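Okay, here's what each chain looks like letter by letter:
2 protein chains.
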Amino acid sequence: MTTTRTSRPAGDAGPTLADLDEDQLLERIFPALPGGPAVLVGPGDDTALLRARSGAVLATTDAMVRGRDWLDEWSTGEDVGRKLVAQNAADIAAMGGRTTALLVTLVADPATSVAWVSDMTTGLAAAAAEAGIAVVGGDLSSAPTGTLALSVTALGELDGEPVLRSGAQVGDQVAVHGTLGWSAAGLLLLQRDSATRAPDLVRYHRAPLPAYEEGPRAAASGATAMLDISDGLVRDAGRIAKASDVRIALDTGLLADDIGRLVPAVGADGARDCVLTGGEEHSLLACFPRAGVPSGWRAVGVVQDGSGVTVDGTVTVGGGWDHFARRATP
Amino acid sequence: MTTTRTSRPAGDAGPTLADLDEDQLLERIFPALPGGPAVLVGPGDDTALLRARSGAVLATTDAMVRGRDWLDEWSTGEDVGRKLVAQNAADIAAMGGRTTALLVTLVADPATSVAWVSDMTTGLAAAAAEAGIAVVGGDLSSAPTGTLALSVTALGELDGEPVLRSGAQVGDQVAVHGTLGWSAAGLLLLQRDSATRAPDLVRYHRAPLPAYEEGPRAAASGATAMLDISDGLVRDAGRIAKASDVRIALDTGLLADDIGRLVPAVGADGARDCVLTGGEEHSLLACFPRAGVPSGWRAVGVVQDGSGVTVDGTVTVGGGWDHFARRATP
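So the protein sequences, as listed, match chains A and B. Sequential numbering from 1 applies to the first sequence in full-length UniProt numbering. Sequential numbering from 1 applies to the second sequence in full-length UniProt numbering.
No lab work stands behind these hints: they were computed from the structure. Be careful, since some hints might not be right.
Identical chains blur together in the list; that is why a pair holds if it fits in one copy or across any two.
[Claimed, not checked] Here are the simulated lysine to any residue pairs, SDA-like style, with alpha carbons at most 20 Å apart:
#  : residue 1 : residue 2
1  : 242       : 28
2  : 242       : 68
3  : 242       : 314
4  : 242       : 304
5  : 242       : 31
6  : 242       : 41
7  : 242       : 22
8  : 242       : 21
9  : 242       : 42
10 : 242       : 36
11 : 242       : 302
12 : 242       : 171
13 : 242       : 169
14 : 242       : 110
15 : 242       : 308
16 : 242       : 311
17 : 242       : 15
18 : 242       : 196
19 : 242       : 25
20 : 242       : 146
Given the structure is predicted, the values throughout are model-derived calculations rather than measurements.
Working from the sequences, and respecting the hints, build out all of it.
Next up, the structure:
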């Protein structure tokens, strides 16, 4: 994945959305969008039509808003497009599925530059194409001054049964695939104007790249519960605990490598916080029957009788991001 | 359909979204959402899982933004929820399909009142339930001050082949099912502070109610091309003409009843404009082989050799709504 810093922010000079009519804008966007074998009817008609071989379809939706989910100073349009793919496709993967198609809605101040929309489309189309995902439709809507929001719906298919959050069993291993805390650490570095200290973390914050194929692989390996880490390891583990009516006991001894990896960038306390509570990581968290953790996954705890989440035996109330709260926890 | 005027505008007093955390808000929303036989996994996990009996799924998305798509002075949250269902389900119907499920994203200023969100949910859930549609997922995101936007994705199923815009044949009849110009006329009355002159038109503007079942029925009757009227009869007819590489000749003599119906409310010129160019109607426009127009549909023109749209033999450039244009035509 390349994430260049050359594209322009949304409010930069050049033509704006108000300078093009909708058809002209769509003519610029459509050719960039990847198709795929699942697409029976693509963009341009009333709806898309997708093949759903298995006789069922997974569906999820996730939005990003400028100023809340990204800042133009820190993220290009291309980053935003890539991140939209990641957060939606990770949800499909977390059910054990493969994403087949995306629909994208842009709600934008007409003063938004066409260049930004082109960059976002480039990033979204590239990330989708790399993952074998078609982009099959969308909508454009004008918005009040300063507003730029994107909403993506992802559709996907399962090979077998879905892996829900509610299937964890006492005695299961709790395991992670992918990084922990990189997105949060990258954000901290941007906030401290220290992006050069760890460009890989910053890059991951801007455009996470979870291993989507691990979702179906975990399902085939017998995962009993799974989700992707959107709001932090502790909080998301709490969701599995609640849905499965179990306790999840996390062990920071098993997270030592994850924490150690971040210490040079954000210090010891920052590293621990990022690993335990950092959101937007989109790595997969799953439970597996004892001794059933697949290669490439690493155990981070166990499933016990009880409720909630413990960290090294201490009950925690969580942390992580709440969209509408007056004060968000870090 | 009842559209009471009792619910509060989005910025009214009472608790706001900032007073609840996301889980508390979702706990208020989830119980209102209709399920259905197509839902294998509903809201609350990473994604929904829907049955797709036919082995394929229709997918479309459409957004509404406060200040552009509705004004709080004129539309309640319930109206907005109903309109969201209508505009998305009409797109599925226009392919000849039946809507099975919706996903809903709310992008809102945290100062938005919880009461407005509850009203919107009520309207959306009621309109969905009346049409046999499940609501299976969504997303919540905070937005800059003053912004309130909703994005809905609709999924649906086909009994047979999809009816595209591109199948119209020279010699076909062009026909409409449902009203023409009511939404635009209702908007004009609101703009003129004359809503009491024709409450039925105003009600239709606030919450259109197309006959979704006519889409599959038209498909079964041999419709060669179809769409729903989102941007005005002339402009949408132009879309079929372009996609099918034909000319569509509209005859206002066939629209006399439609125009006459609106004259008392908006005058003769206004009535003609509303019928020909009024958007957001979501009635169905379709082409049928000669003598194949189903009962309940009425012919409004014919398909000819050529391109574009004529009205009584005169070529027209259209009209209708463009989302980002500096000056929208009425």
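Hints and how they fare:
Taking the closest pair of Cα atoms, residue 242 and residue 28 come within 20 Å of each other only across two copies (18 Å); inside a single copy the shortest separation is 46 Å, beyond that limit. For the identical chains of this complex, residue 242 and residue 68 are neighbours neither inside a copy (28 Å) nor across copies (41 Å), given an alpha-carbon limit of 20 Å. In this assembly of identical chains, residue 242 and residue 314 lie within 20 Å of each other by CA distance solely inside one copy; the values are 17 Å within and 66 Å between copies. Taking identical chains as interchangeable, the C-alpha atoms of residue 242 and residue 304 lie at most 20 Å apart only when both belong to the same chain, with a minimum of 12 Å there against 63 Å between chains.
Taking identical chains as interchangeable, the C-alpha atoms of residue 242 and residue 31 lie at most 20 Å apart only when they sit on different chains, with a minimum of 18 Å there against 45 Å within one chain. Taking the closest pair of Cα atoms, residue 242 and residue 41 come within 20 Å of each other only across two copies (17 Å); inside a single copy the shortest separation is 40 Å, beyond that limit. Taking identical chains as interchangeable, the C-alpha atoms of residue 242 and residue 22 lie at most 20 Å apart only when they sit on different chains, with a minimum of 16 Å there against 45 Å within one chain. Taking the closest pair of Cα atoms, residue 242 and residue 21 come within 20 Å of each other only across two copies (17 Å); inside a single copy the shortest separation is 49 Å, beyond that limit.
In this assembly of identical chains, residue 242 and residue 42 lie within 20 Å of each other by CA distance solely across copies; the values are 17 Å between and 40 Å within a copy. In this homomeric assembly, residue 242 and residue 36 never come within 20 Å of each other (Cα to Cα): the closest approach is 38 Å inside a single copy and 25 Å across copies. For the identical chains of this complex, residue 242 and residue 302 are intra-copy neighbours only, at 15 Å inside a copy versus 61 Å across copies, given an alpha-carbon limit of 20 Å. Taking CA atoms no more than 20 Å apart as the test, residue 242 paired with residue 171 passes inside one copy only; the shortest distance there is 16 Å, against 62 Å between copies.
Taking the closest pair of Cα atoms, residue 242 and residue 169 come within 20 Å of each other only inside a single copy of the chain (12 Å); across copies the shortest separation is 58 Å, beyond that limit. Taking identical chains as interchangeable, the C-alpha atoms of residue 242 and residue 110 are never at most 20 Å apart, the minima being 43 Å within one chain and 27 Å between chains. Within a single copy, residue 242 and residue 308 get their C-alpha atoms as close as 7 Å, which meets the 20 Å cut-off; across copies the closest is 59 Å, which misses it. When the C-alpha separation of residue 242 and residue 311 is checked against a cutoff of 20 Å, the pair qualifies only within one copy, where the shortest distance is 16 Å, while the shortest distance between copies is 62 Å.
For the homomeric pair residue 242 and residue 15, neither the shortest alpha-carbon distance inside one copy (50 Å) nor that between copies (27 Å) is at most 20 Å. In this assembly of identical chains, the alpha carbons of residue 242 and residue 196 never lie at most 20 Å apart, being 40 Å within a copy and 52 Å across copies at closest. With identical chains, the CA atoms of residue 242 and residue 25 are at most 20 Å apart between copies only, with a shortest distance of 17 Å across copies and 45 Å within one. Taking identical chains as interchangeable, the C-alpha atoms of residue 242 and residue 146 are never at most 20 Å apart, the minima being 39 Å within one chain and 35 Å between chains.
In summary, the numbered hints that this structure violates are 2, 10, 14, 17, 18 and 20.
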